Amino acid sequence: MIQIKDLWYTYPGRSEPTLKGINLRVEKGEFVLLTGPTGCGKSTLLKTLNGIIPHESGGTFSGSVKVKGLETTDSNQMEISKEVGLVFQNPDDQIFSTTVEDEVAFGPENLCFEQKEIDKKVEEALQIVGMSSHRLASTNSLSGGQKQRICIASMLAMTPEVLAMDEPVSQMDPMGTHDVLNTVRELNRKLKTTILLVEHRLHELAPFVDRIVIMDDGKIVFDQPASKAFDHIEVFYRLGLRIPEPVELCHSLGIKASPLSVSGALAVLNSENFKENTRISQLLSNPEGNPYAKNSSRKDSIENDSIENNTSENNSSIISIQDLWSGYEKNKMVLKGINLEIYKGERVAVMGTNGSGKSTLLLHLAAILKPDKGSVKVFGEDTRSKNPYSFAGKVGFVFQNPDLMLFCDSAEEETRFGPVQLKYSNIEERVRDSLEAMSILHLKHDLPQALSRGQRLRTAVASVLSINPELILLDEPTTGQDRVNIEQMMDFFKNNNSTLVFCTHDIEVAMSYATRILVMNEGQIIADGKGKEVIKDTESLRKASLTQPPVVEIANQLGVNAFSVKELVKTLTSRSVERIKC
Amino acid sequence: MKNLAFLPFALLFLALGLIVQPAAAQPQQEDFKPEDMTTFIIQVPHGVEENGIAVGGSTLSAYLFFESYYDGNMNVTMEFGLPEGFVLHEPSVHTFSLQTEYDDWYRLVEFYIPPDTPCGTYTITSKAVIEVEGTKHTIVRTTQLKVALKEEVADEVSVSQIIIPSDEDGYGDPSHPSNTLVVQETSPALKKLLKVTDLKTEKEDLISTFMGIELTNTGNSTIPVMVTYDILDTKTGEPVKAFKPDIMGMNADTVCYATVTLSPGSNSLISLPLYISQDALGGDYLLRVKVKLTGSDWIAVTKDQKITAISRRWGPIVTTFTASLLGLTALGFFFSRPGKIMDRFKTRNLVLIALFGTVSFTVINLPMTILWELSHAIFGPFSFLFTGLFNEILLYMLIASLVVLIPKPGVISLFMMVRFLLGGFITGSFTPITFITLSVNAIMLELMLYAGGITGKNPAPDNRFRMGILCGFADMVGGYVSFSVWMVLYRLFYSDWYITANILIDGFLYTFIGTWFGISLGNRLKKVAE
Amino acid sequence: MIGARSIAEPTIKDTVIHRMDPRAKILILISTVFVAVALDNQKTMFLLFLIVLSGFVLARMPAIKIKTLVLLLVLLIWGTIYSQALFYSQLPRTVIFTIINPDFPILGWLTGGGLFVYEEGLHHGAIQGLRSASILSLGLLMCWTTDSRDMLNGLVGLRVPYSVAFMVITAVRFLPIIITEVTTVITVQRLRGFNPKKFGSGIIKTLLNILTPTLANCVRRTGTLAVSVQSRAFRANPDRTSLKKLEFSNLDKIVVAVCVSAAIGVVIIKLVYNMYTSGIYYTSGLRPVYAIAGGYL
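Chains as they are written, first to last, in this note's numbering: chain A, 35 to 616; chain B, 7 to 536; chain C, 397 to 693.
Since the hints were derived computationally from the structure, they do not count as laboratory data.
Since this is a predicted model, take the numbers as computed values, not measurements.
Among the hints, a few may not be true.
Calculated pairs, DSS-like style, for lysine-lysine (alpha carbon to alpha carbon, straight line, at most 25 Å) [stated by the list, open to error]:
hint, chain 1, residue 1, chain 2, residue 2
1, A, K428, C, K601
2, A, K364, C, K463
3, A, K364, C, K666
4, C, K601, B, K532
5, B, K142, B, K156
6, B, K312, C, K666
7, B, K156, B, K352
8, A, K378, A, K154
9, A, K604, A, K570
10, A, K366, A, K378
11, A, K528, A, K577
12, C, K461, B, K312
13, A, K290, A, K570
14, C, K601, A, K478
15, A, K457, C, K601
16, A, K564, A, K378
17, A, K290, A, K253
18, C, K461, A, K366
19, A, K366, C, K463
20, A, K564, A, K577
21, B, K533, A, K478
22, C, K640, A, K150
23, B, K312, A, K478
24, B, K241, A, K116
25, A, K116, C, K640
26, C, K409, A, K364
27, B, K309, B, K352
28, B, K39, B, K156
29, C, K409, A, K366
30, A, K150, C, K641
31, A, K154, C, K641
The whole structure should be built from the sequences, with the hints applied where relevant.
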């Protein structure tokens, strides 16, 4: 279906090629996951499939890309468009119409189909993605997952045989991710659509795909069927790619199997029946010798949290919310009777689907919004009686899209902006410290807007840190970010004992870094407690479309109390050691 | 040939002349006959040979005229006799001498009729004693003057009709709407151009027209009257200077009057000139025609008529017309070859222009919907200093950065088109004013930036100063056009100082600043795009 | 931003006005604009305004839209009244308030002899405001009874090139997103202690601070969106078909015919009348026309 031979490509104005001799062959009906670290050239590779590179982009192109035998460089846009559909990361950046119907009809209209034919294609495409009932809806009224499904439908309406997707779920909430991935899987299974999907959330996708291809520095460095891919687990660690927890568990236990799902892992564990107990105990007594243990260090932190949590509760309350009701329209309340106390030193993760009221709650914490009913006290002062910005300097807010926070000419100026406006002393020291904390001191003269995505996030955080706020609010900082960026930022907050409230969809991040998790649903807090307590509350998680991390689920199934791979491994080994003793 | 035919007649006249001359010299030696050899006229009041009429309390001028047909020296002593009670303001006896034939003497003699003078007919006598070669001859002239009650005169004279505007004879012209004065002004720019090019020398810019006034005398007396008019402010009743401007340094009252003698039982149509200064304001006025009895300050009759002045300034009209035509032409040009024009832009260009359009709508149109009027309420006529921050600085930041990102001709037009359509779809502002203003602005910017080498084959959008100046000029034109359109199509008024201040500060200064910073913004965005 | 929404969003109902072909609405609007601009007679202008308002009744507009309309109209007419009260240059005029005394240093000279509020100007502003009020109201009625995509279909139906329509759809679609982004950008800066109300050179900085992140985001978004639409064969073919076909109903045809001919009629009559009053052209045969124009239009 797709045949790429010795493909080299250099963007106009750059000296270094982005693609360096790519060779790839994809068969009809295959589901290929293309992954690799940021900047490895995977998105660029996708754009060569439908001829946008080099037709539209210009640049230096050599080699051959054939789709269904058609050489993309020799074909016109019309021909290739019928064969390859492209879906990108952010659905909001792909939808240009105001209604679903128009968006989906756009392709067939451009291909000059008859009116009846277009109508049929729109209906079919919407049916496949399960959005038929939204045909006449406004695109702005849809959720993230629905929007992405519309993007897929708009490609499907042109009945392409190949669907190339560039991180289609990285910006979705759990529900959206679930919807989109299921749709893609159905497409692949039922319509035999060939799928080439770029994603670094490997652990979530691995169960669906036939083949995993890893790129690094413009080259393909790994190409294996999904079932065998994790036999070479060191490649994943080396490139900083996240491994599915069941795989990690098995490897930590020294089991030579790579189950991709919870059920698979359970089956393996049952069949293995912990025969290799001796080896496991050896490994655990000498963790240095275990190559995998280092990489799962993140999970260790969960254990320490309970201690911190206890200390924080003794501290003074920073935020005190009583019966908070709030909404943008009178008859549509977003927050419905929130009661919340947040203490100094706490790190609170707020979870829930989009529209559950997380961001609105954060805006109340920053005193930007005022309650319609009830009271919000920030640092002991009622926000209703204060100017919305009178807490500037005390509260630092990192918005969902950090790009909107960057407006100065250099990263240094960006960090200086707050302290100068607030007339703080030792400005230079603050600037240096915050840039250093985010490891972007070397970029201080660069234009923030022109930095990479991760660097932009770090600049935005540094610009807030330089104010040294007593309370830091993060609105989904993990959305669309690489794992490395997220961890670096969260580690800093953790080490500094900052008081932090952050919204996230990533339950693993929440488990690792939060001292407390709030789960919100339809404007109410439905669960509030330590990570370990909340994660057991499957009912609340389900309401918020959250699922337990696979390792917790496995532990539950095994009747064990464990919240990280390491904990589970420890419990399992100690159990088997006991058995051996018996 | 034709001229030769007159020759015999000419010779004949010459011969006759030679014969007659010695004969005419003959009577010198004979008896002097005063009635034959002189003319002696008395008119009271001036212009009325007999049966003059006056009212008590008026100052009249009597006219005395004496002419000699005697070819020699004569001394005349003229005595002017008034009835008892009349007051003469000057000596009653005048002495003069006439030297030759056709020599004459005249005088206007002012006298006053006290208000308490009983009504009735008075006789006024004038006696001339002529001394020729030592011999005295006497001639006496008398005339009747009726002193009447004011009511009596007022009843007899009336203004039966006022025709304004009229032709120079006072007749109405159906091709002009009645009771309407059109104050048409040449545009200041045109005036200046004419002055600079010497095509028209500096002269007073006055509009002139006429009005016809029909007077009726139903009485038996001959009534000498003077007719004048005033154009009054309907509210204050004060005369409006612009309708009685100084003419060549003289007060218009010295020009705008007419005297006429109304014969008994007659209708007379007279015309009066009307001069209007170009800065006269339009509006409703009261035309007041006043009829005075000659010699008297007393106004016998007044008649008021409402008139309307339409101020028609050609400058804005021509500007609006030209701008509309320009806009429509540009639109026609676009519609004639849309494919060709649009193909010059890549899809990413189109998307970027559309998004810039959205941003402009968000940061300019939306806040302006409310702030525009609000700032008027706060800053009054100086609100443009505030609204210009949005309408010029922000707008030109967007335009300049867009040009830096896409330095192609046509990019501004597309941007303006998106703005226009977006405004239309969201706030329903498909108005002629937005269409004309935006299209002229786009055309001016396109032309200037293309000519200035900012867009085009070798684009140089980084020259801040050049681009700032060019955009500034283009926006000044756009600003003037928009005011013209408001004035012409929406009939609104704006003071000249206000327009000038707007054009200079908002149109040029703010635009320059916006462009200047827009270029740096564009360069930053360029790095993002890379 | 609720205000922005109540201005921007159309209502979904099934009334005579809603059912009209968008092309018909556009043509009616254009005709009305011509009539509104041509009219001078106060009573006729008021009548036109009432006719336009009756459209809102026919379209059974919800209270929020009526409120928005009233607010916008009040602002508009107030603005006209205020400016005309200051700049009214017809006689008679009565000063009811002095803003700048002619003897006031500099400003007195700058304003060419002071600045006053004239009573007659208030009246004139109110009358002339009716003209813009009619145009604005009809424009809003059109927006509020037509989905923006129908309107675009209408434009395409009136031969506006699809590329232009595409740009406008894109602009409309991203409006709520960009409004939110701009609001966020302002909030971010204020949370970092910045006070954008400061006047002076700070204002330029504020404007740049708002534009930079917003536009940078647009620039980034542009790449994706362009690729996305291209991959759907946008502009791959000079022609394109359309899912939606517009059709004029008989009622549409009649209303459009009436409006367009009325507009042409009024404009011609006024043109002829103005040529007469300006002394450009007169013929006695047109006297009845002059009479109509002078008396009613």
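**Message:** Please list, smallest to largest, the hint numbers that this structure does not respect.
**Reply:** Hint check: 3, 5, 7, 8, 10, 11, 12, 13, 17, 23, 24, 27 and 28 fail, others pass.
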